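Starting from the two chains in their separate frames, assemble the complex, guided by the hints.
Heads up: the protein sequence lines correspond to chains A and B, in order. For what it's worth, my numbering labels the leading residue of the first sequence as 18, then goes sequentially. For what it's worth, my numbering labels the leading residue of the second sequence as 511, then goes sequentially.
Calculated from the structure, these hints are not laboratory results. Source: prediction; values computed, not measured. One or more of the hints may lead you astray.
Simulated coverage check for chain B against chain A, where a stretch passes if three residues somewhere in it have a Cβ under 8 Å from a Cβ of chain A [to be verified]: (1) 552 to 559; (2) 601 to 610.
DSSO-like cross-link-like pairs, simulated, lysine-lysine; straight-line CA separation at most 30 Å [unchecked claim]: (3) 566/B <-> 587/B; (4) 559/B <-> 26/A; (5) 74/A <-> 559/B; (6) 562/B <-> 74/A; (7) 559/B <-> 88/A.
Even glycine gets a Cβ: it sits at the ideal position worked out from N, Cα and C.
Here's the letter readout for the chains.
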Amino acid sequence: NAGVTQTPKFQVLKTGQSMTLQCAQDMNHNSMYWYRQDPGMGLRLIYYSASEGTTDKGEVPNGYNVSRLNKREFSLRLESAAPSQTSVYFCASSEVLAGGLIGEQFFGPGTRLTVL
Amino acid sequence: GDSVTQMEGPVTLSEEAFLTINCTYTATGYPSLFWYVQYPGEGLQLLLKATKADDKGSNKGFEATYRKETTSFHLEKGSVQVSDSAVYFCALMGTDKLIFGTGTRLQVFP
Chain A
18 NAGVTQTPKF QVLKTGQSMT LQCAQDMNHN SMYWYRQDPG MGLRLIYYSA
68 SEGTTDKGEV PNGYNVSRLN KREFSLRLES AAPSQTSVYF CASSEVLAGG
118 LIGEQFFGPG TRLTVL
Chain B
511 GDSVTQMEGP VTLSEEAFLT INCTYTATGY PSLFWYVQYP GEGLQLLLKA
561 TKADDKGSNK GFEATYRKET TSFHLEKGSV QVSDSAVYFC ALMGTDKLIF
611 GTGTRLQVFP
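Pulled out of the complex, with its shape left as it was, chain B reads as follows (with noise of 0.2 Å):
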C-alpha cells in the first residue's frame, strides 16, 4: 500500500543553517504530497504542497520539490531560524485520507 517515509531526528542545527528533511513516498501513480508543521503544544498545520510532480511548494522560506524519478519530497530552508523549531510531517493524498510520515523533529539553537 501506500506509504511515506521519513528521516529520523531529531535534527539539531544552528541558527541560519542550511536545512533538509528526506522524504520518500510509495504510491500508486502520482498523488499530491503536502508538508505539515507542528509546533509545541499545537495541532499540525499545512506549511506547503505539491500537486504533480516537477512542482515546487514553497511558504515561510521553506521549498519542497517533487520529483517522481527518485519518488521523493524533500524539504529544504537556505536559513534556518529558531522559531523554526518544530514536528514536520511528510505526507500523500491518498483515498478518502491522508497518509502521514512518522513526523521529524527540529531543534534549532542560537
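Chain A extracted, bound-state conformation (with noise of 0.2 Å):
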C-alpha cells in the first residue's frame, strides 16, 4: 500500500516549456486534489476532482488543466510554464464519507518545481 505517489520529485523547466506531475493513490478514494505550497501562503488548491469523471477549478486554476484519467490517477499539466509557477506542488486523496463530506486526507511527498 503506497499510499499516494508523485512523478518527478524534482523538475526544472525553462519558461514556455510544458510537463505532467503524474499523482496516483492506491487507497480507493474518490476525491482528489492538487495544491501548491509558497513560502508564506501555505497551501493553494489549484483543482480537484471529487469523484471520477468530474473536475473543479480550485483557487489559483489559471495556467493549469487537470486529467482525472480514472479513480487513481490525477494529473496536473503546465502548459506554458512560467517563473510564477517555481513552487512545490502536492497531490492528495480523500474518501467521500456519508452526506457529502470529505474524510482525512492523504497526501504525497510533493514534486519540486522550478521554471527558470
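If you want it as C-alpha cells, here you go:
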C-alpha cells in the first residue's frame, strides 16, 4: 500500500516549456486534489476532482489543466510554464463520507518545480 | 465563506517547553476540524482531528479541543522535543475540500 505517489520529485523547466505532473493513489478514494505550496502562502488549491469524471477549479487554477484519468490517477499539466509557477506541488486524496463530507486527506511527497 | 486563521510563526521554543499554536475558524455550522503536520521535505500528514463541538483530538502528545463558543481549535503540547520541529496546519472540512490555514512553523532547540 503505497498511499499517494507523485512523479517526478524534482523538475527544472525553462519558461514556455510544458510538462505533466503525475499522481496516483491506491486507497480507492473518490476525491483527489492538487495544491501548490509557496513560502508564507500555505497551501493553495489548484484543482480538485470530487469523483471520477469530474474536475473543478480551486483557488488558483490559471495556467493549469487537469485530467482525472481514472479513479486512481489525477494529473496536472502546465501548458506554458512561467517563473510564477515555481513552487512545490502536492497531490492529495480523500474518501467521501456520508452526506458528501470529506474525510482525512492523504498527501503525496510533493514535486519541487523550478521555472527559469 | 469558510476560513481558518492561524498564528504567524515561527514559534521558537526550547526542548521541554509548553507549546500552544492558535487556530480560529469561520464557518457555517460545526464542521470537523483538523491539525496536519509537515516535516521538512515531506508532504502533510494528519496529526489529530475533532468531529464535533467539545471533542478533544490527541496524538503523539499533542491535543486540541473543539471550542464552538470561541470558534477555536488551538494545538497544545506539554513538552516539545526537537523532533517536533515542523510546520503545523489547521484545517476545517468544507464541501468537497478541506480549507487550510497558512501554517505555523515550529522550531525547537535543544
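Evaluated hints:
no. : hint            : in the structure
1   : 552 to 559      : holds (count 6)
2   : 601 to 610      : holds (count 7)
3   : 566/B <-> 587/B : holds (13 Å)
4   : 559/B <-> 26/A  : holds (29 Å)
5   : 74/A <-> 559/B  : holds (26 Å)
6   : 562/B <-> 74/A  : holds (29 Å)
7   : 559/B <-> 88/A  : holds (26 Å)
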